[in-house]
Amino acid sequence: MDSLALAANKKAAKPPVRMAFMYMPHGVIMDQFWPKDQESFLNSPPPIIRSLKPIMDQCLMMKGISGVPINPFNGAPHALELSTWLTGRLPDADSRGRINIAISADQIMANYVGAHTLLPSLELATMPQTWKENQEGLHEGYYNHCSYRSPTQPVPAETDPRNVLNRLFGKRGEKGRVSQANPLDRQMLDRVLGGARDLRKTLAKPDQQKLDEYLDSVRSVERRIAAIETRQQEAAFEKNGVAPSKRHATDSAPIEVKIPEGDKRSEYMRVMCDLTVLAFQTDTTRVSTYVGSRPNGASYPELGFSNQHHSQTHYGSDQEKIRKVAAINQFNVDQFAYMVKKMHALKEGDGTLLDNCIMMWGSGLEDGNKHRRDNLPFILAGKGGGALKTGRFLSGVKGNQADLLTTLLDCVGVPLDRPIGIATKQIEAIKA
Amino acid sequence: MQRGAIIFSLLGLTGFLAVNVAGMDEAALRADAQKVFKEKVGPFVNKYCTRCHGSRAKAGINLQSALKNPSGESGMLHFKKAAANVKVHDMPPVDTSKQPTDAERRQFVEWIGKLKHLAPRDPGPFIIRRLTKTEYANTLRDLYGVDPSIADSLPDEVVGEGFLNSISSLQSELFLGIANKVVAQVAPTGKAPTAIQKRLFGEVPPEGADHRKAARGVARSLARDAYRRPPTNAELNVLVGIYDLGRKNNLNHTASLSLMFKAVLVSPQFLFITPAGESESKEPIVPLDDFQLASRLSYLLWSAPPDAELAGLADKGDLHKPEVLRAQVERLLKDDRSRALFDGFGAQWLRVNALDGQVFDPKRFPEMKPALRTAMIDEARLFFESIVRENQSVVRFVDSDYTFLNEPLAKVYGLEQTVRGPKMRRVKLTNPNRGGILGMPATLATTSFPNRTSPVNRGVWVLEQILGERVPPPPADIPELEEQDHQDVKGLTLRQLTERHQSEATCRNCHKILDPIGFGLENFDAIGRWRDKTDEGLAIDSAGQLPDGTKFSTPAELKNLLAKREADLARNFTERLMAFAIGRQLRGYDDVVIDQLMIKIAKDDYRIRAIITEVVASYLFTHRRIKG
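Protein chains in written order, with the numbering used here: chain A, 60 to 491; chain S, 8 to 635.
To be clear, the hints were calculated from the coordinates, so they are not data collected in a lab.
Glycine included, C-beta positions come from ideal geometry on N, C-alpha and C.
Fair warning: there could be bad hints in the mix.
What the hints assert, rightly or not - Derived pair list, reagent style SDA-like, types lysine to any residue, alpha-carbon separation capped at 25 Å: (1) S:188 <-> A:219; (2) S:42 <-> S:74; (3) A:323 <-> A:219; (4) A:260 <-> S:590; (5) A:429 <-> S:479; (6) S:75 <-> A:156; (7) S:87 <-> A:152; (8) S:430 <-> S:415; (9) S:328 <-> S:315; (10) S:540 <-> S:503; (11) S:255 <-> A:260; (12) A:429 <-> S:315; (13) S:430 <-> S:537; (14) A:323 <-> S:456; (15) A:264 <-> S:288; (16) S:42 <-> S:62; (17) S:87 <-> S:583; (18) S:370 <-> A:156; (19) A:112 <-> A:473; (20) S:94 <-> S:50; (21) A:429 <-> S:456; (22) S:370 <-> A:319; (23) S:634 <-> A:265; (24) A:260 <-> S:248; (25) S:140 <-> A:363; (26) S:205 <-> A:325; (27) S:418 <-> S:536; (28) S:328 <-> S:586; (29) S:188 <-> A:244; (30) S:45 <-> S:128; (31) S:430 <-> S:389; (32) S:370 <-> A:325.
To be verified - Here are a few chain S residues that sit away from chain A, every Cβ distance over 12 Å (derived from the structure): (33) 57; (34) 111; (35) 132; (36) 149; (37) 197; (38) 211; (39) 232; (40) 246.
Same shape as in the complex, but just chain S (with noise of 0.2 Å):
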């Protein structure tokens, strides 16, 4: 164990880690896992899956493809999707006599475990993508210090997996309006100048100068700033082009600057996080340079461009050594714009940004007005906030002893006599049922139907969300359970009900997994509100277990279970943050990485800044495959 710690730690960011924990080398290993995937995982692919998901997919898993190729994107992800069904025994089917004993489950679960190493070293390409919302209006406020509610016209964005929701051609337009409105700010036709004008655009030439050769060096600047690199010949030339436009139509310098501008603040590479073109390099992997690494590193912690002091590191090309890349990540955190890594990222991972479209029955919670949502949002927010600020451990994001609350807010934890008014403050818990996302309004609340909780769902999102276990979905065909066909449903408990899904053969596997869980948590009504009975006046039963078999009696004794997995929670949190960071859901040799990091990580206690910091100092955040 020490000798790898101690090369790890020898080697640091340079990502060239050839010697894992347990002192096998990536040969070695690979070696282990072509050995165990020839011998165990075939053998036992052919046996009890190939004769459904063999020649052609079956839900989508195409085994006998992904046995020809394990180590690429989607055989890969065939696996881990079928283990996660032969986990939890939802495959093979019941009605097919071949069944694995337990003991080859959890011999397959563990043998496509290692099958990562059968991957090769990849940091996978630079994936672009278009600034945010809030990366957008950011962006022009750190650059041009326009206020930014400037882009409150834009939509907001639906997102999802680090992908946005694509952008239509009539919202495409705004921003052109948005363009037009900022440089009316910032170069106000017919008055003096404005400080950021001077600054942008410099002074106007003296009658006969070259004004041509001025506005090449204000277009330098302006693309330097806005796509966050020094720009090329070919775009300088594309600028002038526009500056020239102005001047034929018989615009000033000034005006033609401005015109200018306005191209630059509609351009694809203002709006979209590229790399920086082509690089000359003939291996097929390389590190990012440093200008992609500072847009990459203010992106993912501000929501905002690179400030000076991040620029001119990359101009010096300073940034990717560590110790100076490690430093930048903590001075980005101890300032206030890393707050934005909870609407960017925390949201997102909580899933609590749902929350404001979602619909309540209005006859059932006439309470869900939009104060209140809005505080239930901006609890989850200061909570995350404060967890990153203090370097607490990722546990405490279960297990905790205050949260934030206001007036309305309190009343739905029962504490209103001791909260008044409108302002959101930090409030310390002695309910031991409260404290940590478990207990917390905004997700009970979105992990809810319109009119009454959902187990099923609330387990689903423990898992999934707080413990990275991978659901099996349901079957398509099969109707949810409200929906079933039964006239002896009424007069049943929700629990009563649930707990029918496990007399279903084709259920039964999963949700005796799911349903457990959120039995944890129906003391919690669908808007997070502490009841001891169901809405049929018959007292909750919150006893429930894990998927492991212990057992729990209340939410206090869930969440006390799960703040125990803290390697568990740490490598979810883990994944999640690098998957946002890199903007691709993680595969293949990416668990490698990972497993690399959580050594370090869990050296440093859990802590949320050795997490962010390992994250954005690891191989894959630095590094980009330009070929093949």
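Bound conformation, chain A alone (with noise of 0.2 Å):
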């Protein structure tokens, strides 16, 4: 190492810890997912996570996890796995008909990290989020959503990768980017900000929340053409050679992202993967969200099947259905091993991308025949820098969604003036 590197290397503080969630839908068969034991979990993982065994000394698998009672929405068992997974809490009986649930943990951690980056957070879904008739007289955004900015905002999620790749990491020079936008953007925008406010006050509440939707995205423009300032002084002190603060000379260098040509649904899975790598890299944003697949609408024709993934779910004892829904299972949580795989081979600071972060993987629902929660299924990867202890599979853990939530936050340094939703308690086994 030469001495420029080494200078550098002593500037740069302690990596960020950054968090990530993915998702699938329906529960997992779980005589295929759960290990039998801490040997099984090392060193014969049963078949669903069978990918992760070269990394299973960076995952922890714990078992006991309950979600959150869904009564009184006992009809709408799809609707209720997606939008009470990150808010661990139930939406509200009495306004039914419109979004009111709880900000979501990946948003909490936004608020209190998300000055640091370019993106307060980054939420990815594999499809658009479609609006779909929906059981129990739930809106039908609580069958899309589980990123919720605020009780009444679901936060809408890219599914265009290649509009991420080109807004996020564009290449210098490219045209019509914000970053060679000219500089007055970020005033004008302001203005026009300020202006919309008289327009505000003359709507109806539940038009003032489809503005704001809109307002609250032009603001991000706005904060993202401030980051992009920053950023490019900062290129400007390295071309003189200071370097950024942020990195280590040591540093794996930023990842390529290919935009696949064809439909494979596992090339687009893992382009997604491979954008929350990068942004994680790149310090682009330290929280993110990926809905694998909605509850309904998914299939699989990789699989050699084309029903769709809920039509399989209430196999009964259909061995047929019970292999294929395994195939998916196994299929989306290869995927997740993709990116964690990835993470780990990316050094970055003493360790690895992966070291410092916490990567979740989940489902839910325990299984989609019969709609149990009472183990949820739930894989973490990383350390989250040393807060978590991996290498384990803890099999009597008490607590339920909210929990998990609330230890995940307190993990990752974000301070808590109340538990999650439902939660009354840590999980401390899962600590380092």
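Dock chain to chain to rebuild the complex, using the hints, since each chain is given by itself in its own frame.
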């Protein structure tokens, strides 16, 4: 290591802790997901999680995390599995026709750490979030969103990887990019937002929310321009020999992301995973959510069958369906494994990128057959900068999904003035 | 009958239709509804429903609170859902001992139908909405002469019930990117001003002139076009402030105007269709002003902003006059831009816009390539357009003797011998099973699963999209048919399989209504090809019956039966168009307005232009509630 790099290294602060959530609906085939014990977890993991075997020492699984009880919404298990996933509580039963739930864990984190990065948070989804007729009189949005900026505002997700890549990481000099935009744009947008306040006042509440969604997104554009200005300053410093504060000289170079040409689901999901990795690696954001698929709708022709996911999950004792659901489960975990393995191979600070992150994969149901929620399937990967002790399978954990989210926020250093949703405690057993 | 109808035409557009066709005025109908509600609905609900749907909602239906406030929006909806369930014997559950008689069920449905008269006269608030991608592109084209493909980078929208999917922050940045491109095309820096630039920005004022005053003038005219109404003073101040910002940062007059222009293009006033601001009126309900009316009308029929003639009529304050408004509907429909009505409304109504992203088993249907999918949607589009353009009866949607084909699509019809090449053209059909949306590949495919047809989906589609009936949703915890855990399903035909629904008590009552309609279309496979045998090699049995008991044995007969229900077809089309036009679901008083429209529409033989004109001229389209 040369002296300049050493000097840069000395200056570099401890890398920030980042956290991501990746979702699959409809639960798992339990006996092909949960390891029997610690030994099988490490050495002979069951089929669904087998692709994680090479980095099991970087993973942590805990059995015994229950879901939020969904009564009085028993007739809407799929809207609830997604909408409770990061909120840890039920929608408001007295205003079902509107979105009214709670700010989600990812957005709580974004509020706390988002100011440091280009984007406060990144939300990705595999497919457009369509509106759908829903059960129990619940608003259709509950079928589509796990991220909520506020109790009444779901956060729309990006579904076009090309757009994310171009907007966030586009090559310099590319036309139409904000970084190339008129530097006055930020001040112009600020005035446009100011002017919109008068318009807002004349609107009814639901209309105000529609307008707010746009105004919020404009505000984030404004912030991004500001962040790009900062980044350009950093780049200028770098050119003059001053290393940027956040990176170590030994850190791996940012990964290459290629947008797939075809429409294979695996490639599509992997590029979304790549974008998450790149966003974390470049400190573009510190919190990310990826809805790998929404309840209903998804099919996996690559696996050799065209049935939709949900249509196979009420399998009863039908071995063929059980096989198909297990294959879908494995497929989803495989993509997660692809992501965390990649992160484990990237150097950052004194360790790897994965060391400084908490990556959570999971579902909102225990099994799709009976809609049980007693043992929600979760896999954690990464040490969260030393907060988690990985390489363990904890079988007798007692707690619910809100307890888990509360614990994870504590692990990434987000102070909470109250626990999330129905949480009453932290799950100390997962901590280092 | 006559008397009511005459008064109708005299009162025309004003919406103050106090007398209905039976000669009863609104007050009398309301009193009647109150009486029915108190003496009939209440006792029925208490006897059969409240044990489960009482103090708390079960399956989202709470009839106790609905009884307390029957005319409220949610009360009415709960009653409508309940009526749908009672009608098909889905409720009360079969295993409860207290069951209403068939006559009681019919009466209950009838009583619920009267509850609309309890609703206060109310056009609902003006619902703001963002321009769709198409509307946005067309607006840029019409106002600034740019190619609409400039908006191609925006993601396609997912639309449902007239609402758009929400916008993410990276997407909104695309609006800024597109605004940059528009400004660069309209007012390129360092080049001679374009014609449009001259029109928008005017001449550069001479040295020493009041540039700021000129900028204010430019702001006024830019905003008048872009906001589709005259800007307020506060809005002008914001825009001039942005001009000042440019000047302060050493931009010249033109470059500062460009910055201001860009601000207009990313303003919510441009991107959203909004009401014109606070109304001075003390009344809770006011007519839309002419600017709002012009936008609502042009975006409905053209997916584009008002043109000079419409804008001029709004400026003069003439547009709301009934004869002027009706003449404008006629004019807009004659214009080519009215093709947009399919992309905005038609595709959504027929649900064919899902076809693009729908998965088909590539092994079973290798022909479902992009070219064929496109042809299928084009067929639906051209067919829809022809009905509007030729002002045909709404019945022709169901029963017609022509369609539009190209070679790939003709293969689906078995007509590839006569239709060659990729160009879509009008084709006369002789096969009575085809012709109309029931035998159309686009709709047959969108109602299918990736690997097979779904008689259930098709049945629901016909009942809901075509006849406008309300089909109760399936119970939440019941697995779908193909998922059921039985070993004995192997070797059953789809029909036999589907009919097993009818052996299960929880499924039977709805499915005996849905499935037979779908079976009537079983001769069409999952991509709309004719077949005589099932995948298992068994002969297709397409016999079935409608909920009213009328029987049919071929798709052609089903088509004929549906074509006879012209009033139902027309009402459904009218309701859906109305909901689309005003951007919300219909409820309460809306039903009363639709009743009134249907009388006029019937007199014009349910012709499509009568429907469109009556919707536009209606109280609901032309008014808004601003208080309460």
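> Of the hints stated earlier, which fail here?
Replying inline: 11, 12, 18, 19, 25, 26, 35, 40
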